[in-house]
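Generate coordinates for the entire structure from the input sequences, incorporating the hints supplied.
Going down the list, the sequences are from chains A and B.
The end of the first sequence is residue 252 by my numbering, with every number in the run present.
The end of the second sequence is residue 578 by my numbering, with every number in the run present.
Heads up, none of these hints are tricks.
Partial list, derived from the structure: chain A residues whose beta carbon lies under 10 Å from chain B:
no.	residue
1	S48
2	R49
3	I50
4	L51
5	S70
6	R71
7	T75
8	H85
9	T91
10	F98
11	H105
12	Q152
Have a look at the derived ranges for each label pair, beta carbon to beta carbon:
no.	chain 1	residue 1	chain 2	residue 2	range
13	A	D124	B	V270	38 to 44 Å
14	A	T3	B	L382	35 to 41 Å
15	B	V270	A	R113	24 to 30 Å
16	A	R113	B	A566	36 to 42 Å
17	A	H134	B	T260	17 to 23 Å
18	B	D390	A	A6	33 to 39 Å
19	A	R113	B	V274	30 to 36 Å
20	A	D195	B	W267	47 to 53 Å
No farther apart than 20 Å at their CA atoms in a straight line, the calculated lysine to any residue pairs in the SDA-like style are these:
no.	chain 1	residue 1	chain 2	residue 2
21	A	K187	A	Y122
22	B	K389	A	H85
23	A	K187	A	R176
24	A	K187	A	T172
25	B	K389	A	T87
26	A	K187	A	G28
27	B	K389	B	V568
28	B	K389	A	E83
29	B	K389	A	R89
30	B	K389	B	A466
31	A	K187	A	T3
32	B	K389	A	T86
33	A	K187	A	A121
34	B	K389	A	L51
These aren't lab readings, by the way, just hints derived from the structure by calculation.
Nothing here was measured: the structure is a model prediction, and the numbers come from that model.
A virtual CB, placed ideally from N, CA and C, is assigned to each residue, including glycine.
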Amino acid sequence: MITLDALTKSYGPATVVDAVSLEIADAGVTSIIGPNGAGKSTLLSLASRILGADAGGVTADGVDVLNAPSRAVATILSILRQEHHTTARITVRELVEFGRFPHSHGRLTPECRAAVAEALAYCDLTDLAERPIHQLSGGQRQRAYVAMVLAQDTHYVLLDEPLNNLDMVHATALMRLLRRLADERGKSIVLVLHDVNYASAYSDRIIAMRDGAVIQDGPPSLVIAEDALEAVYGMRFRVHELDGDRVAAYYR
Amino acid sequence: MRRPTPDTVAAVAPWAAVALVVVLGAVSMAIGVIDLGALDGPEARELILTSRLPRTAALILAGASMAVAGLIMQHLAQNRFVAPTTAGTVDAAAVGLLVATLLFTGAAVITKVAIALVFALAGTALFVLLTQRIQFKDMILVPLLGLVLAGVYRAGAEFFAFRAGLTQALDTWFNADFSGIIEGRYETLWLAGLAAAGAYLFANRFTAAGMGEAFATNIGVNYRLVMSGGLGIAALATAVVVVTVGAIPFLGLIVPNIVTLVLGDNLRRVLPVTALVGASLVLVCDIVGRVLIFPYEISMGLIVGVVGSAVFLAMVMRKGNRYATT
Ligand SMILES: Nc1ncnc2c1ncn2[C@@H]1O[C@H](COP(=O)(O)OP(=O)(O)OP(=O)(O)O)[C@@H](O)[C@H]1O
Ligand SMILES: [Mg+2]
Numbered sequence: 001m002i003t004l005d006a007l008t009k010s011y012g013p014a015t016v017v018d019a020v021s022l023e024i025a026d027a028g029v030t031s032i033i034g035p036n037g038a039g040k041s042t043l044l045s046l047a048s049r050i051l052g053a054d055a056g057g058v059t060a061d062g063v064d065v066l067n068a069p070s071r072a073v074a075t076i077l078s079i080l081r082q083e084h085h086t087t088a089r090i091t092v093r094e095l096v097e098f099g100r101f102p103h104s105h106g107r108l109t110p111e112c113r114a115a116v117a118e119a120l121a122y123c124d125l126t127d128l129a130e131r132p133i134h135q136l137s138g139g140q141r142q143r144a145y146v147a148m149v150l151a152q153d154t155h156y157v158l159l160d161e162p163l164n165n166l167d168m169v170h171a172t173a174l175m176r177l178l179r180r181l182a183d184e185r186g187k188s189i190v191l192v193l194h195d196v197n198y199a200s201a202y203s204d205r206i207i208a209m210r211d212g213a214v215i216q217d218g219p220p221s222l223v224i225a226e227d228a229l230e231a232v233y234g235m236r237f238r239v240h241e242l243d244g245d246r247v248a249a250y251y252r
Numbered sequence: 253m254r255r256p257t258p259d260t261v262a263a264v265a266p267w268a269a270v271a272l273v274v275v276l277g278a279v280s281m282a283i284g285v286i287d288l289g290a291l292d293g294p295e296a297r298e299l300i301l302t303s304r305l306p307r308t309a310a311l312i313l314a315g316a317s318m319a320v321a322g323l324i325m326q327h328l329a330q331n332r333f334v335a336p337t338t339a340g341t342v343d344a345a346a347v348g349l350l351v352a353t354l355l356f357t358g359a360a361v362i363t364k365v366a367i368a369l370v371f372a373l374a375g376t377a378l379f380v381l382l383t384q385r386i387q388f389k390d391m392i393l394v395p396l397l398g399l400v401l402a403g404v405y406r407a408g409a410e411f412f413a414f415r416a417g418l419t420q421a422l423d424t425w426f427n428a429d430f431s432g433i434i435e436g437r438y439e440t441l442w443l444a445g446l447a448a449a450g451a452y453l454f455a456n457r458f459t460a461a462g463m464g465e466a467f468a469t470n471i472g473v474n475y476r477l478v479m480s481g482g483l484g485i486a487a488l489a490t491a492v493v494v495v496t497v498g499a500i501p502f503l504g505l506i507v508p509n510i511v512t513l514v515l516g517d518n519l520r521r522v523l524p525v526t527a528l529v530g531a532s533l534v535l536v537c538d539i540v541g542r543v544l545i546f547p548y549e550i551s552m553g554l555i556v557g558v559v560g561s562a563v564f565l566a567m568v569m570r571k572g573n574r575y576a577t578t
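Take a look at the structure:
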């Protein structure tokens, strides 16, 4: 279980994550939705110690995430960021191999190679494995970073907008994969999504944020509802039942 | 002719670089005012052991370690123009050497190295602190800041050197010269070589840190520790080289750029090649300096300066180069 305890982050006078406390279950898919600037990325960055919190704490399986040795944390919790800035010219395989670093410290074991190959295959990258990441398309590069996090093979996987740049084929394939990892391997996956319908179809739980606070929290049946969504986004939605899923329409 | 695939290049490059260093090292050993062939056995051996071998070893160690220092710095700064010469490291080391010369007259070389190291570390740390405060990490702005900082360090050094009548000495510290290298005068360079070799152990961590702090943290790499360690290695190599033979202009800038252009940025793979290419370049420039006006010598630093500026310009102007777009 991950426990966020009153996590807080301010920039100047603006508090962008305001004493957020949450508990994330041992297994399952948890989606975080909310408008731009709601604090979703900041919350995920705080929870994964890549951004320093002003106040609050995080534990994962009892490990103090913010203070434990970084390497110990890296074997139980991984984070995919929303954006990837790098000028480094490394290949897709080299990038994905970095996911094994917490386990192998740079010397790949046969187990590592298997994990890398599996992650590449999951993300449909086997044919692109030897290509430098700076020569890939946006969606291909996104898949490479997702593959790296999958190769890290942690129990808790935090993904900030993993569907960025993906076409619907790869987006759906990734969501199915995440669902499978949660169901078959008991992983706990937390992801930020803008497409509320993917959140609706694949999540066990949806957390909606606005202005640095959690304002909705529950199963899709509760959060993917017209009034609840309007409270989050300030816009009217129409919610339909379609093949057993709740689908929000918001195009008109 | 078919173009070699990147994999072949990556597989062949280290061996080609080793061969290059061996050949150039042999040439470097053979050249000199005294004709080795004209000496009898023991005399020739004496000459080789006391002069030719030390010089060649010094060239290889200095070239390799400065190239590695540049490679590490450009990675950690995530900027291909950051090197010991463009981040103030060299100039800060020279200030340190000046302080050592003025305050601890007659100090042992190793004491001078230690003092130069402290200054090189402090000078580089200041650069890092300042660049971290820049909001937009512009490709050009960062090394420009480093050059300004270097200029300040150097102006300070020149002021005190002038008052102490050490201007000439200061000049030699910025301009590598291997003509005075004999046995007993170069051994500190092994420290620089050791630092560069030690860097190989942390190559993966440097690559990770070069991908950014968040990237490194996610995979459990202690970013600050790697930053400090990497800059420490670069500062040590720089301090040793400045104190022992004088700074080698451009080397730490151009060699890593050329090697990573061909082989990519995985340090585990490029670090050894960078070291060997750095050694080769220094050997070539020293050999050229020795034969051009034989039996006199042009200092290696001058030749590297000329070659380096030409290569650097070619690098920046190269069509479709990556500096045009980031
Ligand atoms: N480094 C920073 N300095 C100042 N303000 C920041 C900084 N980073 C984020 N913010 C502000 O914090 C707020 C939350 O940002 P965050 O990136 O967490 O939003 P988000 O919910 O992920 O939005 P998006 O959907 O656009 O990704 C925003 O208002 C943003 O402007
Ligand atoms: Mg975000």
